[in-house]
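Participant: Mind docking chain B on chain A? Use the hints.
Going down the list, the sequences are from chains A and B.
Heads up: the first sequence at position 22 corresponds to 22 in this note's numbering, and the numbers run straight through without jumps.
Heads up: the second sequence at position 49 corresponds to 49 in this note's numbering, and the numbers run straight through without jumps.
For the record, the hints were derived by calculation from the structure and aren't laboratory data.
Predicted model only: the values in this text are computed from it and were never measured.
Glycine included, each C-beta is placed from N, C-alpha and C at the ideal position.
Among these hints, one or two may not hold up.
To be verified - Counterexamples of contact, computed for chain B against chain A with all Cβ distances above 12 Å:
no. : residue
1   : Asn-87
2   : Asn-123
3   : Thr-149
4   : Gly-173
To be verified - Subject to a maximum C-alpha distance of 25 Å in a straight line, what follows is the list of computed PhoX-like cross-link-like pairs (lysine-lysine):
no. : chain 1 : residue 1 : chain 2 : residue 2
5   : B       : Lys-62    : B       : Lys-174
6   : B       : Lys-146   : B       : Lys-174
7   : A       : Lys-107   : B       : Lys-6
8   : A       : Lys-36    : B       : Lys-146
9   : B       : Lys-6     : A       : Lys-36
10  : A       : Lys-107   : A       : Lys-139
Chain residues, written in single-letter form:
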Amino acid sequence: MLDLNPRDWSSQPAYIDSGYRSTALRGPTRPLIPLKPALAALDGPVFGHELIGALDSDLTRNGQRNGAPLGERIIITGRLLDEDERPVPGALIEIWQANAAGRYIHKVDQHPAPLDPNFFGGGRCLTDSEGRYRFLTIKPGAYPWGNHPNAWRPNHIHFSVFGRQFATRLVTQMYFPGDPLLTFDPIYNSSPENVRARMVSHFSLDVTEEGFALGFVFDIVLRGTHSSVWEKA
Amino acid sequence: MSTRGKLGQTPSQTVGPYFAYGLTPSQYGYDFASIVTPCMAGPEVEGTHIHIAGCVFDGAEKPVNDAMIELWQADATGRYPGTDGVNSRFTGFGRCGTNADGGFFFDTIKPGIARPDDAPFINVTVMMRGLLLHAFTRIYFSDEVKANTHDPILALVPAGRRSTLIADHHAAGKYRFDIHMQGPQETVFFDL
Numbered sequence: 001m002l003d004l005n006p007r008d009w010s011s012q013p014a015y016i017d018s019g020y021r022s023t024a025l026r027g028p029t030r031p032l033i034p035l036k037p038a039l040a041a042l043d044g045p046v047f048g049h050e051l052i053g054a055l056d057s058d059l060t061r062n063g064q065r066n067g068a069p070l071g072e073r074i075i076i077t078g079r080l081l082d083e084d085e086r087p088v089p090g091a092l093i094e095i096w097q098a099n100a101a102g103r104y105i106h107k108v109d110q111h112p113a114p115l116d117p118n119f120f121g122g123g124r125c126l127t128d129s130e131g132r133y134r135f136l137t138i139k140p141g142a143y144p145w146g147n148h149p150n151a152w153r154p155n156h157i158h159f160s161v162f163g164r165q166f167a168t169r170l171v172t173q174m175y176f177p178g179d180p181l182l183t184f185d186p187i188y189n190s191s192p193e194n195v196r197a198r199m200v201s202h203f204s205l206d207v208t209e210e211g212f213a214l215g216f217v218f219d220i221v222l223r224g225t226h227s228s229v230w231e232k233a
Numbered sequence: 001m002s003t004r005g006k007l008g009q010t011p012s013q014t015v016g017p018y019f020a021y022g023l024t025p026s027q028y029g030y031d032f033a034s035i036v037t038p039c040m041a042g043p044e045v046e047g048t049h050i051h052i053a054g055c056v057f058d059g060a061e062k063p064v065n066d067a068m069i070e071l072w073q074a075d076a077t078g079r080y081p082g083t084d085g086v087n088s089r090f091t092g093f094g095r096c097g098t099n100a101d102g103g104f105f106f107d108t109i110k111p112g113i114a115r116p117d118d119a120p121f122i123n124v125t126v127m128m129r130g131l132l133l134h135a136f137t138r139i140y141f142s143d144e145v146k147a148n149t150h151d152p153i154l155a156l157v158p159a160g161r162r163s164t165l166i167a168d169h170h171a172a173g174k175y176r177f178d179i180h181m182q183g184p185q186e187t188v189f190f191d192l
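Just chain A, with the same shape it has in the complex (with noise of 0.2 Å):
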């Protein structure tokens, strides 16, 4: 019997975070109920490839209308991991992103940069035998939140990750190497400081087409398992 491990504390952000103010109303403010590893061991949804559509994990041409969208384009590959490095197969992973201007085609998204006709932002694949995924899309461009005075969200691409179990759900969000802004962001310093280049990608002249589109490599680690302690009844 394997046990699933505990969620690593050190490693998440605490639910209110005064530098992140929607959070001060939406975090649970009382402590979790903590649910011993035999009674929280579930397996989750598994998703076939049936659902998955031929242009779903090419952001490039899954929007397109009337031409290509504008932007550098880039691969976003990596691996799906749990914490002793086993890959995590077949799993969905689905990402949504603005397009290179910073601008969402969410209905709610005022920001006055230009939507471009040809792009969605939305993907989703599985993982591949060895944990493998890609995505073809382009570079999202920063954009201004209206959280404090100034305030600009660093390039990301959000990703929504399922696990072989319920509680390995992961939703996060990828960050590029070098962005200025990741000093000034909230959601990105929400994480404990030594884990939080674990959301940051990195630029892979291997992953990189020739004449083509940038590499970024980013690998998602889940919670492991362990053997469970025997116990007598």
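Facilitator: Quick look at chain B alone, frame taken from chain A:
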């Protein structure tokens, strides 16, 4: 026994305000097919078909219009989809974004139980702008009074807070389940 591996867990971040077109696109009319919807069980799925609706409220009791709720549940026999013998057309997994009034709904079946001591329940994951780490809770059912009294997980919850986990059976096949992120009625969230 070590529960720490070689690699560090990737930190969680908020789902933000703009998840709708990526994760629940059909629901909001975007031109991208949803692969998960609030309609989890068509008429061909055996079981008692139920409708669960509710609202998400913040600490000021204002409705949260940009939350996303996910459900994961067993079929009418208490087995989860993916297990042998479970109707492959029952997904067991549903997802709904909240509307302008903070409302969400699911059309599903009432789950069965796997162990005699359990009460029927549905696993719930809550995400929203301003929530840096998703919150796990459970839906139990108000018409399962006897089963609820001996459920081992409800027993872990202080008696005064158990009602936050129990959906109100207010009409035939219809349940109401609100989620309060804070305040006197703060929903019980689990660490699992």
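Participant: Determine for every hint whether it applies to the structure shown.
Facilitator: Going through the hints against the structure:
{"no.": "1", "hint": "Asn-87", "result": "14 Å, holds"}
{"no.": "2", "hint": "Asn-123", "result": "6 Å, violated"}
{"no.": "3", "hint": "Thr-149", "result": "17 Å, holds"}
{"no.": "4", "hint": "Gly-173", "result": "24 Å, holds"}
{"no.": "5", "hint": "B/Lys-62 to B/Lys-174", "result": "24 Å, holds"}
{"no.": "6", "hint": "B/Lys-146 to B/Lys-174", "result": "19 Å, holds"}
{"no.": "7", "hint": "A/Lys-107 to B/Lys-6", "result": "42 Å, violated"}
{"no.": "8", "hint": "A/Lys-36 to B/Lys-146", "result": "24 Å, holds"}
{"no.": "9", "hint": "B/Lys-6 to A/Lys-36", "result": "23 Å, holds"}
{"no.": "10", "hint": "A/Lys-107 to A/Lys-139", "result": "21 Å, holds"}
When held up to the earlier numbered hints, the structure conflicts with 2 and 7 and fits the remainder.
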